[in-house]
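Q: Top to bottom, those sequences are chains R and P. Each residue of the first sequence is one higher than the last, beginning at 1 in my numbering. Each residue of the second sequence is one higher than the last, beginning at 1 in my numbering.
Worth flagging that the hints you see were computed from the coordinates, not collected in a lab. Misleading hints may appear alongside valid ones.
[Stated by the list, open to error] Below, in silico cross-link-like pairs of lysine-lysine (DSS-like), each with a Cα-Cα straight-line distance of 27 angstroms or less:
1. R:K14 <-> P:K9
2. R:K55 <-> R:K7
3. R:K14 <-> R:K55
4. R:K28 <-> R:K55
5. P:K9 <-> R:K173
6. R:K14 <-> R:K28
7. P:K2 <-> R:K7
8. P:K2 <-> R:K28
9. R:K55 <-> R:K90
10. R:K7 <-> R:K28
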Amino acid sequence: MTDSDLKLARRAQKGDRQALEALYERYKERLLGYLHKMLGDRPAAEDVFHDVWIKVMNSLPNYRPTQGSFRPWLFRVAANASVDRLRRNKRRAGPNLDAPAGEGSSERVIDQIAGETPTPESATIGIEIAQDLDRHLALLPERQRNAVLLRHQQGMSYREISATLRVPEGTAKTLVHRGVQALRERLSNWSDDET
Amino acid sequence: MKLERTLRKSAELPIPAALDHRVRVALRTMPLATRAFALPVMALGLAVAATLAMTVSMALSLAAAGAAEEGLSIATLLVVGYLGISCLIVLPLLFKLKTVRTGLGSAA
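Extracted from the complex, chain P is given alone in its bound form:
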C-alpha cells in the first residue's frame, strides 16, 4: 500500500553532525544514574525496624509482667496495628526504590 510504503521510507533520518556531536558529548560526560537505595528510604527502614523491635519487646514485657489477658490483648493489638501501619507505609516505599545519582565524580 502506498501509505505504508511512504511511511516506511521516512523511518530513518540522518542525524546532523552538530546534533550527533552534542548527544555523544552528553552520553560520554553526563553522570549516569544508577539504581540504589536512597538514604532517606534506608533511614526510614531502620527507624521502622527499631520501633517495631521496641513495640515487640514492650508487648512481651507486658505479657511477662503478668498483666494477664488484658495486657496480652493490648500487646497483641499494638503489634498487629504497628505491623499493619508499617506495611502500608514502608512496603510501597521499598518497592519503589529511589534512584539516586551516582558517579558525579566520574563525570569528565
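The following block holds chain R by itself, in its conformation from the complex:
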C-alpha cells in the first residue's frame, strides 16, 4: 500500500528525504506537463521545474496539512513560479505575442514560440492541434490559463483549484468557464462533434 500524500508530506517536513523523493516521484511528470502548457516552452518548463522542487524543499515548513492536501500546495508553488517566469520574460523581452516575428515576417511571435518546441504529445494528437492549443493557451490571461489547466489538464476539483489559486470556489469556476469559452471561440475551427 502506498503512503498518502499527507503522510509523506508530514514525514518530509520532519526531514525524511525518502518521503520527499516519493512525493517527487508521484508528481514529477504531472508537474512538468502542467509547467510546459503554462509556459508554452519546454526548456523554460524544465528550468522552472527544477526551481519548483528547490522551493518545495525550502517552503515545506510552511505547508499546513490541516489546510488541505499536498497537491494544491505543490501546484501553487508551481503556479507562482511559472507566473514569475512569465512576467520576468515579459519584462525582459516585452514581446507582443501577436506581433510579427521579424521584419517582413508573416509569422507571429507566438507562432514561433509554439513551433519551436514540438512536444511528445504532438505526435499522438497531431502537431497542428497541439500547436493551435499552445498558441491559444498562451493568449489567455495567466489566471484563466492556470485554472483551465488545473481543471482540464490535471483533473483537479474546483475546491482544489480554489486552494491552489487562493481564490473562492466560485471564482475558480468562473475562471475555468471563461477560459474554456475563450479557447472554444478561438479554436472554432476544431470540430467538437468529432470523437
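Take the given structure of chain R and dock chain P to it, following the hints.
A: Relative to chain R, chain P alone:
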C-alpha cells in the same frame, strides 16, 4: 469534448534523465528547511516578558507605596498600555513563526 481530451493527453510529460538526476541530487543533498523559533523572535519575546514583569512590579510598588488613587491609575494605565503595545507587536511575530534553516551539517 475535443479540447478537454487534448488537454488531458498533455497532463504528463516524461522527465529527461539529466533533469531527473539534477533534481534528485538536490533533493538528497540540499539542506531541508524545518520549522523552528528563530533566535530574534525568542529574544524579543524574552525582552518583552522581562519588561512586562518590571512594569507590573513597578505598578504594584506604586500602589503599595500608598500613592493612593493617582498612583494606582497611573500603574493601571502603564500595565494596560504596555500589554496593548506588546500584543500588537509580539503576537503577529509569534504567529508568523520564522523559518530557519537547520540541518546544514547533515547536507552531504
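Q: Look at each hint and say if it fits the structure.
A: Cross-check of the supplied hints:
no.: 1; hint: R:K14 <-> P:K9; result: violated, 36 angstroms
no.: 2; hint: R:K55 <-> R:K7; result: holds, 20 angstroms
no.: 3; hint: R:K14 <-> R:K55; result: holds, 16 angstroms
no.: 4; hint: R:K28 <-> R:K55; result: holds, 14 angstroms
no.: 5; hint: P:K9 <-> R:K173; result: holds, 22 angstroms
no.: 6; hint: R:K14 <-> R:K28; result: holds, 21 angstroms
no.: 7; hint: P:K2 <-> R:K7; result: violated, 37 angstroms
no.: 8; hint: P:K2 <-> R:K28; result: holds, 25 angstroms
no.: 9; hint: R:K55 <-> R:K90; result: holds, 22 angstroms
no.: 10; hint: R:K7 <-> R:K28; result: holds, 18 angstroms
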